Amino acid sequence: MHVVVCIKQVPDSAQIRVHPVTNTIMRQGVPTIINPYDLYAVEEALRLRDRHGGTVTVLTMGPPMAEESLRKALTFGADRAVLLTDRFFAGSDTLATSYALASAITAIGERFEPVDIVFTGKQTIDGDTAQVGPGIAKRLGLAQLTYVSRVAALDLAGGTIEVDRRAEGGVQALRTRLPCLVTMLEGTNEIRRGSLPDALRAARAEIAVWSAKDAGIADVTKCGLRGSPTVVKRVFAPTPRAEKATLVDPAGAGAADALIAAMFAARPRLEAELATLVRGY
Amino acid sequence: MAQPDKPAAAAGRANTKKELPERFRQHKHVWVFVEQERGQVHPVSWELMGEGRKLADKLGVQLAGVVIGPPGPAVAEAAREAACWGADLVYTITNEILAEYRNEPYSKALTDLVETHKPEILLLGATTLGRDLAGSVATTLATGLTADCTALDVDADGSLAATRPTFGGSLLCTIYTLNFRPQMATVRPRVMAMPERVERPLGRLVEHPLAMVEEDVVTKVLRFLPDRDQATSNLAYADVVVAGGLGLGSPENFQLVQQLAGVLGGEYGCSRPLVQKGWQPAERQIGQTGKTIRPKLYIAAGISGAIQHRVGVEGADLIVAINTDKNAPIFDFAHIGVVGDAMHLLPMLTEAFRRRLSPHIRDRLAG
Amino acid sequence: MTEKFDAIVVGAGMAGNAAALTMAKRGLKVLQIERGEYPGAKNVQGAILYADAVEKLVPGFRDDAPLERHLVEQRFWMMDDTSHTGLHYRSEDFNEEKPNRYTIIRSQFDRWLSRQVQEAGGLVLCETTVTELLTDGRGRVIGVRTDRRDGDVLADVVILAEGVNGLLGSRAGLRERPAPENVALAVKEMHFLPRETIEARFNLKGEEGVVIEAAGTISRGMTGMGFLYTNRESISIGIGCLVSDMARAGHAPYALLEAFKRHPSVAPLLEGSEVKEYAGHLIPEGGYRAIPKLYGDGWLVAGDAAQLNNAIHREGSNLALTSGQIAGETVAELYARRAAPTARALAAYEARLNDSFVMKDLKKYKDMPALLHAGSQNYFLTYPQLVSKAMQNFVRVDGVPKIEKERRTLRSVLAARSLGGLLGDAVRMARAWR
Ligand SMILES: Cc1cc2nc3c(=O)[nH]c(=O)nc-3n(C[C@H](O)[C@H](O)[C@H](O)COP(=O)(O)OP(=O)(O)OC[C@H]3O[C@@H](n4cnc5c(N)ncnc54)[C@H](O)[C@@H]3O)c2cc1C
Ligand SMILES: Cc1cc2nc3c(=O)[nH]c(=O)nc-3n(C[C@H](O)[C@H](O)[C@H](O)COP(=O)(O)OP(=O)(O)OC[C@H]3O[C@@H](n4cnc5c(N)ncnc54)[C@H](O)[C@@H]3O)c2cc1C
Ligand SMILES: Nc1ncnc2c1ncn2[C@@H]1O[C@H](COP(=O)(O)O)[C@@H](O)[C@H]1O
Numbered sequence: 001m002h003v004v005v006c007i008k009q010v011p012d013s014a015q016i017r018v019h020p021v022t023n024t025i026m027r028q029g030v031p032t033i034i035n036p037y038d039l040y041a042v043e044e045a046l047r048l049r050d051r052h053g054g055t056v057t058v059l060t061m062g063p064p065m066a067e068e069s070l071r072k073a074l075t076f077g078a079d080r081a082v083l084l085t086d087r088f089f090a091g092s093d094t095l096a097t098s099y100a101l102a103s104a105i106t107a108i109g110e111r112f113e114p115v116d117i118v119f120t121g122k123q124t125i126d127g128d129t130a131q132v133g134p135g136i137a138k139r140l141g142l143a144q145l146t147y148v149s150r151v152a153a154l155d156l157a158g159g160t161i162e163v164d165r166r167a168e169g170g171v172q173a174l175r176t177r178l179p180c181l182v183t184m185l186e187g188t189n190e191i192r193r194g195s196l197p198d199a200l201r202a203a204r205a206e207i208a209v210w211s212a213k214d215a216g217i218a219d220v221t222k223c224g225l226r227g228s229p230t231v232v233k234r235v236f237a238p239t240p241r242a243e244k245a246t247l248v249d250p251a252g253a254g255a256a257d258a259l260i261a262a263m264f265a266a267r268p269r270l271e272a273e274l275a276t277l278v279r280g281y
Numbered sequence: 001m002a003q004p005d006k007p008a009a010a011a012g013r014a015n016t017k018k019e020l021p022e023r024f025r026q027h028k029h030v031w032v033f034v035e036q037e038r039g040q041v042h043p044v045s046w047e048l049m050g051e052g053r054k055l056a057d058k059l060g061v062q063l064a065g066v067v068i069g070p071p072g073p074a075v076a077e078a079a080r081e082a083a084c085w086g087a088d089l090v091y092t093i094t095n096e097i098l099a100e101y102r103n104e105p106y107s108k109a110l111t112d113l114v115e116t117h118k119p120e121i122l123l124l125g126a127t128t129l130g131r132d133l134a135g136s137v138a139t140t141l142a143t144g145l146t147a148d149c150t151a152l153d154v155d156a157d158g159s160l161a162a163t164r165p166t167f168g169g170s171l172l173c174t175i176y177t178l179n180f181r182p183q184m185a186t187v188r189p190r191v192m193a194m195p196e197r198v199e200r201p202l203g204r205l206v207e208h209p210l211a212m213v214e215e216d217v218v219t220k221v222l223r224f225l226p227d228r229d230q231a232t233s234n235l236a237y238a239d240v241v242v243a244g245g246l247g248l249g250s251p252e253n254f255q256l257v258q259q260l261a262g263v264l265g266g267e268y269g270c271s272r273p274l275v276q277k278g279w280q281p282a283e284r285q286i287g288q289t290g291k292t293i294r295p296k297l298y299i300a301a302g303i304s305g306a307i308q309h310r311v312g313v314e315g316a317d318l319i320v321a322i323n324t325d326k327n328a329p330i331f332d333f334a335h336i337g338v339v340g341d342a343m344h345l346l347p348m349l350t351e352a353f354r355r356r357l358s359p360h361i362r363d364r365l366a367g
Numbered sequence: 001m002t003e004k005f006d007a008i009v010v011g012a013g014m015a016g017n018a019a020a021l022t023m024a025k026r027g028l029k030v031l032q033i034e035r036g037e038y039p040g041a042k043n044v045q046g047a048i049l050y051a052d053a054v055e056k057l058v059p060g061f062r063d064d065a066p067l068e069r070h071l072v073e074q075r076f077w078m079m080d081d082t083s084h085t086g087l088h089y090r091s092e093d094f095n096e097e098k099p100n101r102y103t104i105i106r107s108q109f110d111r112w113l114s115r116q117v118q119e120a121g122g123l124v125l126c127e128t129t130v131t132e133l134l135t136d137g138r139g140r141v142i143g144v145r146t147d148r149r150d151g152d153v154l155a156d157v158v159i160l161a162e163g164v165n166g167l168l169g170s171r172a173g174l175r176e177r178p179a180p181e182n183v184a185l186a187v188k189e190m191h192f193l194p195r196e197t198i199e200a201r202f203n204l205k206g207e208e209g210v211v212i213e214a215a216g217t218i219s220r221g222m223t224g225m226g227f228l229y230t231n232r233e234s235i236s237i238g239i240g241c242l243v244s245d246m247a248r249a250g251h252a253p254y255a256l257l258e259a260f261k262r263h264p265s266v267a268p269l270l271e272g273s274e275v276k277e278y279a280g281h282l283i284p285e286g287g288y289r290a291i292p293k294l295y296g297d298g299w300l301v302a303g304d305a306a307q308l309n310n311a312i313h314r315e316g317s318n319l320a321l322t323s324g325q326i327a328g329e330t331v332a333e334l335y336a337r338r339a340a341p342t343a344r345a346l347a348a349y350e351a352r353l354n355d356s357f358v359m360k361d362l363k364k365y366k367d368m369p370a371l372l373h374a375g376s377q378n379y380f381l382t383y384p385q386l387v388s389k390a391m392q393n394f395v396r397v398d399g400v401p402k403i404e405k406e407r408r409t410l411r412s413v414l415a416a417r418s419l420g421g422l423l424g425d426a427v428r429m430a431r432a433w434r
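Residue numbers (the UniProt record's numbering), protein chains in the order written: chain A, 1 to 281; chain B, 1 to 367; chain C, 1 to 434.
If you are wondering where the hints come from, they were derived from the structure by calculation, not from laboratory data. Check each hint, because a few of them may be wrong.
Some chain A residues close to chain B (C-beta under 8 Å, calculated; not the full set) [said to hold, decoys possible]: (1) 65; (2) 67; (3) 134; (4) 140.
Estimated spans, in silico, between C-beta atoms of each pair [what the hints assert, rightly or not]: (5) B:194 to A:264: 18 to 28 Å; (6) B:262 to A:63: 36 to 46 Å; (7) A:268 to B:206: 45 to 55 Å.
In silico lysine-lysine, BS3-like type, Cα no more than 27 Å apart, as pairs [unchecked claim]: (8) A:222 to B:28; (9) C:261 to B:326; (10) A:222 to B:118.
The structure displayed is predicted, hence computed values, not measured ones. Ideal Cβ positions, reconstructed from N, Cα and C, are used throughout, including at glycine.
Model the full assembly from the supplied sequences, consistent with the hints where possible.
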């Protein structure tokens, strides 16, 4: 069995700062991490490999620095890593990203061994679109299983997979044919800590660094800015609310009543609305 | 969506807008995908219909709803409803294989419809279904898709300006799909206000066929297990929400939040760290990566008000914050604040509300 | 199957990176183990980097090391609650081709330095904590145990560069944990500001930077110091005091920092900034007398773990780099000679340290820690207050004849501290400094 997991190196958005005047991102000192959602995909892939044998290839498209993230994935126990990096990829939107990744996955299948499952995270914390997974699936003509919380069964001989998928208002149990693409939901598992030999192997591993050409991309106009139909025209900071909260004194026995009075004063209809709610409750 | 990383470069390119290619010139009208499952229309569809109406009026074009599902009364009913929420016309596609949502037949159905009737704007809810579908459709059509928009508008030359948060909500960016059609966008539930429903007959109904049979679909639905805790899906639509954050200190203290929510007849939610710590299930998370809410009253206890939380609650009519730190960012956007200990204040508030609302509770018991 | 290396380095801070780089360059099979998520992830420093020590390790480092600003101005402030008396030294000479001192951000610098180690062939494992030293039963260190599964690795020699806490060394009985009167607890914050704002506030252009070092009532009579360094788009500000003083006086470190930030001389410099990082860390301040045993059978210790830190001049990273480099050279030379790293062979490390500025400087100030500690009330409370009063009296024009002003100043000084006390402090200070 051969599983490819797409991971992305992202700035830790909890630590991002915005320049107060120019509204640009101040990247200095902002650490990068593996997109947290992708860790669930890596772990699920490793579990399948532990159970069914085979190999796990991790793939990322990004700057040369993204190698760090791949190496980290190797520390967890992934077998092989491919870094897709080329100046043609700069400025890719989701359509261009999924094109590049789909091409690389095809090349990985040809160069190493046929791919049975592609995993991605549900979404990234920087792009935050949840579109790249479906984009890859569509381009590769794979069945698409999004928001998966669990791979319930995998029958390699029969070529089928069953998963639980989070849907609106419930869980769908789906069965489809391999190869397929799975996007993993968060909180579904916990990434393992590799052993010391895994860590040593990862530190030494050769990471395949591929250009667009290596990934078999003949038409670079489908990549990067040129291959992106969307255009970011304006970046700006949210307008802060003009006034701060009115503070209510917390001291004394009457504090709660004072707070309620302040609420009803601020929104005169609130009491009546609460009354209806409470009645219907 | 483009990485808003290098706005300068992107802007440079945006200015090089070409004439819209010939093949896209016939694309006209605004479409809203009406998300209908098991006889229920997701309310986000009507929120979008409200937005779609505004866009269509600005462009001077028609607003259409798209309903996809199995044959039967549900689709027809949804189509009629769509008119009441503002649709001038409705496209429907019905087929047995559309009984449960599956990507293959749904994306084929929607893609075919777009290719046949050529809308210029296509809006979907950013639900699990909407995101699953939109990504596939946009890829097949090789057009731009902007996810999780918080504002939609058309600019002077009629292009869709889709604004969404970026970099964890610290910035907003406006994204265009200048040279491709349709211009696609998804919007999360509760980000847009619900429009007013007006009883209206359906203007025009266009039925579109789907040339696909069950044998063509490789993915099968084995089971559907509805959520046992239906309340979690009500959180986004609750009129009163009480939420707790890390400031509560322990999972046990969370019941203080639940008790207040109970007395108010509302729902309860939490900030992300509580989900990460396993104190609360993911469905209870409010914020950028959780649920967006628009209640009439939101009470946040022990929540600092990080930007990622803020973007999920800003639509609330009245925000009340309880926090021990007078410098907590939540006081920058709450309407009413109390600098104090939540563990002390929550029970007092619960008791005070109980007293205050008891006549109504008695009414209920009597009636 | 346990793998064996020529050398293992514990820690990827300044000392560890210097040691690992030196040995890797000389062809040793080196494994470096760091508990942080990446080298420098949690390392705390002001931080001023002294170019000389880096230059000796990586000539031409200025070309690609992540440096913030080179320092053109040094300010020493003696503070009381409302004022500061300053000595400012600024010189265009510091705008030289190879500047002497830089501000850095440790997380970035350590990562860069670690990349040099990897490029030289050293193997670096992060997110891995060394929990124990492995010995052969007769006291010779033969490897380490880590917190990972199947986590033992062997080596001919282990270099301990684990920083000030030195848990590993103390657990292995190689040395004691530093005593509270020999370590300062420093807390530090990063305040982000647009670079134009920083440049305007500090009168800087380009990559120029300023350092402020401050002592006085801000440490409330404890032995301690505050600092403020300009980075490119941020300001590092912190304060540190001896742990034993803090325990006695019962002051919380963050309260000291808050007060320092609110000081009228400091607050305007930080105005409008966004705080992103708060960190606390120990600094070895015991000086020469606190240095533990530096080597033994199969092991060496370098940097803060060996208490090699010059608190008077606020130098630490350079002593760490140089001691790490010397440790690495010592091991590499034994390796080249195929000599076993016995305690006797490794004694060369200490000899070379003694010959270097590291030990010479520490020896010079060997009595300073005790002096400052004993007289902390005078040095950090009384004198700054007196100086401030004197300065104010000196510059305020209020119709009082100058001669009367001078008398008042003298009287207030003598009232606070007797003539004998003053002279005694001066003599003691001069002796310790010598
Ligand atoms: C990509 C990304 C996505 C994210 N998405 C979300 C999201 O969807 N939703 C979300 O909520 N967060 C999200 N976060 C996390 C967010 O950045 C904050 O870390 C989080 O909201 C903080 O939660 P908190 O306010 O509960 O905890 P803290 O920030 O730790 O705040 C606790 C607060 O409680 C106060 N307090 C302490 N004791 C008491 C007391 N006794 N009484 C009253 N107050 C007290 C404190 O003063 C403090 O302000 C996201 C982060 C990232 C990076
Ligand atoms: C607030 C502050 C300001 C300072 N300012 C300056 C300054 O301006 N200029 C200056 O020169 N010096 C300054 N110093 C001192 C300087 O930071 C230190 O002297 C220097 O960092 C020492 O380097 P080191 O390699 O010995 O230790 P460290 O830099 O502390 O490195 C030790 C490393 O070992 C790792 N480690 C520890 N235990 C284990 C284990 N068991 N397993 C694996 N890894 C482990 C740690 O994670 C760490 O990365 C300052 C210190 C502080 C706290
Ligand atoms: N540059 C990239 N390299 C590898 N995988 C990616 C990249 N961008 C996105 N992905 C994958 O696609 C998923 C969804 O990303 P997004 O559509 O950006 O939210 C992520 O969780 C990743 O698994």
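(request) Would you pick out the hints that fail for this structure and give their numbers low to high? (result) The structure breaks hints 1, 2, 4 and 6; every other hint is satisfied.
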